[in-house]
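As given, the protein sequences belong to chains A and B, one line each in that order. Its first residue numbered 10, the first sequence is counted upward by one per residue in the working numbering. Its first residue numbered 10, the second sequence is counted upward by one per residue in the working numbering.
Read the hints as simulated data drawn from the structure, not as lab findings. Careful: at least some of the hints might be erroneous.
[Stated by the list, open to error] So these bits of chain A aren't anywhere near chain B, every CB distance computed over 12 Å:
id, residue
1, Pro85
2, Gln189
3, Glu296
4, Asn333
[Claimed, not checked] Residues from chain A that face chain B, not an exhaustive set, calculated with beta carbons under 7 Å:
id, residue
5, Val121
6, Ala253
7, Ala254
Small disclaimer: the values here were computed from a predicted structure and weren't measured. No residue lacks a Cβ here, since even glycine has one placed at the ideal position from N, Cα and C.
Protein chains: 2
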Amino acid sequence: MTDAVTMTLAEIEDLAFRALTAAGTSDENARPLAHATAWTEADGIASHGLAYIPIYCEHVRCGKVDGTAQPRITRPAPSVIAADAATGFAHPAIALGFQTLKETARQQGVAVLAVKNSYNCGVLGYHTEQLANDRLLAIGFTNAPASIAPVGGRRPVVGTNPFSIAAPDENGNAAVLIDQSASVVAKSEIMKHAREGLPIPPEWALDPVGSPTTDPDIALKGSMAPTGGYKGVGVALLVEIMAAAMTGATLGIHASPFSGTKGGPPRTGQFFMAINPDVTSGDLFSERLTALVEAMRDQPGVRVPGDGRKAARLRADREGVAVNPGTLARVESWC
Amino acid sequence: MTDAVTMTLAEIEDLAFRALTAAGTSDENARPLAHATAWTEADGIASHGLAYIPIYCEHVRCGKVDGTAQPRITRPAPSVIAADAATGFAHPAIALGFQTLKETARQQGVAVLAVKNSYNCGVLGYHTEQLANDRLLAIGFTNAPASIAPVGGRRPVVGTNPFSIAAPDENGNAAVLIDQSASVVAKSEIMKHAREGLPIPPEWALDPVGSPTTDPDIALKGSMAPTGGYKGVGVALLVEIMAAAMTGATLGIHASPFSGTKGGPPRTGQFFMAINPDVTSGDLFSERLTALVEAMRDQPGVRVPGDGRKAARLRADREGVAVNPGTLARVESWC
Numbered sequence: 010m011t012d013a014v015t016m017t018l019a020e021i022e023d024l025a026f027r028a029l030t031a032a033g034t035s036d037e038n039a040r041p042l043a044h045a046t047a048w049t050e051a052d053g054i055a056s057h058g059l060a061y062i063p064i065y066c067e068h069v070r071c072g073k074v075d076g077t078a079q080p081r082i083t084r085p086a087p088s089v090i091a092a093d094a095a096t097g098f099a100h101p102a103i104a105l106g107f108q109t110l111k112e113t114a115r116q117q118g119v120a121v122l123a124v125k126n127s128y129n130c131g132v133l134g135y136h137t138e139q140l141a142n143d144r145l146l147a148i149g150f151t152n153a154p155a156s157i158a159p160v161g162g163r164r165p166v167v168g169t170n171p172f173s174i175a176a177p178d179e180n181g182n183a184a185v186l187i188d189q190s191a192s193v194v195a196k197s198e199i200m201k202h203a204r205e206g207l208p209i210p211p212e213w214a215l216d217p218v219g220s221p222t223t224d225p226d227i228a229l230k231g232s233m234a235p236t237g238g239y240k241g242v243g244v245a246l247l248v249e250i251m252a253a254a255m256t257g258a259t260l261g262i263h264a265s266p267f268s269g270t271k272g273g274p275p276r277t278g279q280f281f282m283a284i285n286p287d288v289t290s291g292d293l294f295s296e297r298l299t300a301l302v303e304a305m306r307d308q309p310g311v312r313v314p315g316d317g318r319k320a321a322r323l324r325a326d327r328e329g330v331a332v333n334p335g336t337l338a339r340v341e342s343w344c
Numbered sequence: 010m011t012d013a014v015t016m017t018l019a020e021i022e023d024l025a026f027r028a029l030t031a032a033g034t035s036d037e038n039a040r041p042l043a044h045a046t047a048w049t050e051a052d053g054i055a056s057h058g059l060a061y062i063p064i065y066c067e068h069v070r071c072g073k074v075d076g077t078a079q080p081r082i083t084r085p086a087p088s089v090i091a092a093d094a095a096t097g098f099a100h101p102a103i104a105l106g107f108q109t110l111k112e113t114a115r116q117q118g119v120a121v122l123a124v125k126n127s128y129n130c131g132v133l134g135y136h137t138e139q140l141a142n143d144r145l146l147a148i149g150f151t152n153a154p155a156s157i158a159p160v161g162g163r164r165p166v167v168g169t170n171p172f173s174i175a176a177p178d179e180n181g182n183a184a185v186l187i188d189q190s191a192s193v194v195a196k197s198e199i200m201k202h203a204r205e206g207l208p209i210p211p212e213w214a215l216d217p218v219g220s221p222t223t224d225p226d227i228a229l230k231g232s233m234a235p236t237g238g239y240k241g242v243g244v245a246l247l248v249e250i251m252a253a254a255m256t257g258a259t260l261g262i263h264a265s266p267f268s269g270t271k272g273g274p275p276r277t278g279q280f281f282m283a284i285n286p287d288v289t290s291g292d293l294f295s296e297r298l299t300a301l302v303e304a305m306r307d308q309p310g311v312r313v314p315g316d317g318r319k320a321a322r323l324r325a326d327r328e329g330v331a332v333n334p335g336t337l338a339r340v341e342s343w344c
């Protein structure tokens, strides 16, 4: 393997921006996505960073994403913002919605943003953290094509559907950042094992009749195992109801795949809540959150959710990010 | 074992009301708790029904709960309701808060209720369902004394902390009602095994140094296993942040036990969100929710979350509820 190439965050953002616009994405739509790509690399989540740019470019080309879409924002009630991503990227719709969401949450104490006709939003915690940086408590949900079957069933009804919560400290840093999917592992892990011809642990996935399998190819025709059995399905259902039913987006059972070029726009959704914690708690929030975090940090070997990303980001600020040369070449080929 | 006694819901509510008031609970505080007790029995959740009344009565007597507390409601922002349960029962504070919450959610599109200085709220889904009956999408969180350790740690930092979501159909029935704790099993299951001198499965709990144990007595000195490993801890943290930090209630690490008579009021909290689904979804919510429920119901052997309670309630309406005579005697002894 060739040595990794070290890049600054500005260089990563610039490269992502050039590839996206070369593929036919408008400047306004490429900018928030390129920024998220750089931050995702900084957070050490390479799987969702530059590696996704060639897929995004391909999806603009094939029409799975409208690169020049103009997201539209409405305010159907005093504390509700609705965004129609118009089959464009999720990032510009979310970024536009967040401008109004932040202001509205400050005025009303709580506000929600419902995004429909959208696409894979990348790392969900990237978005909730933007709200925490404004000293708002943020919860986010996003749905995906169905891949998890209900307990006792065989046919997937919900995606690996993550939720995220970002809880701000007094300086607007995320003191706790939880961002977790409802499956035991990410589907991409199973695809990776399939490519490499390796077996998977039996607790990762189920075959088409609902039995555990160690064959990744059979797993991809079956379903992903929910984490914690029926309670994992419960979390995935919570997310599906919020991200799809509550937004008027497409359910996971009807959404086209996020991978490949077929099926047109997935039109999935996202739902975000932003709450002013000082208002709901009578100014006790920061003291309580600090005590909770300390009770974890006091114990050797315990990591507070979000610690891994923070450490990676400090390293990236100091040393830049090591990018896989193969990934880099694939992104550059679009420029 | 003596035969069960069959009672109507009205009889159960009346009995619970008489026991609670005889123990020193005011009529206004006893009514919502007695009503919840009858509905919990109807839903087939006997562990949280009449069986809890002697504990509630004892807690009023010993001062863990102020039976004559007067919950206070404020509205610190247009979409935020805050309730101070004043160390009384959770039910009257929640019921009072819900009156304003429902109206506010209709006006604003979304509203939240933050309850502090509260107590065990019984079955969380009982409360979220009240909001669904008003055709609002409801999410609820409640915290409990710490019993789950973070992964890699030994000391509990969060309770078995349940969340609930109730999603209404067009008639205001809960089409989906999820109500699940963050632990593999309820702590009461481990207590039951300890009383009966039976071993527990190794996946239920951990000993004081963080290793799996099959001894229920050792488990009660250690911690409850989270469902799905670190992702279960993530759900419990989400709930703790919402129910305690966001309300200004007491964290699970500082709360007095819900069982026994020592330690004074636990002062834990609840957080509820009520959202008008037609507003956020542009009137697409019901169609989406129906399709999601049908995708589950189409598969033989799959139960939609909430189906069990619904079936039990129909049976209770038709045939009454079978009450354990020992439980009945213990409740009657308070009257």
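Verification of the hints:
With a closest Cβ-Cβ approach of about 5 Å to chain B, Pro85 of chain A is found to fall inside the 12 Å limit, against its non-interface label. For Gln189 of chain A, the shortest C-beta to C-beta distance to chain B comes to about 5 Å, within the 12 Å cut-off, and the non-interface label is violated. The claim that Glu296 of chain A lies off the interface is violated: its Cβ sits roughly 9 Å from the closest Cβ of chain B, which falls inside the 12 Å cut-off. The beta carbon of Asn333 of chain A sits about 27 Å from the closest Cβ of chain B, which is more than 12 Å, so the claim that it is off the interface holds.
A least Cβ separation of about 5 Å between Val121 of chain A and chain B falls short of the 7 Å threshold, and the interface hint therefore holds. Nearest Cβ of chain B to the Cβ of Ala253 of chain A: about 6 Å, under the 7 Å cut. The hint holds. The interface hint given for Ala254 of chain A holds, since its Cβ lies 4 Å from the closest Cβ of chain B, which is under the 7 Å cut-off.
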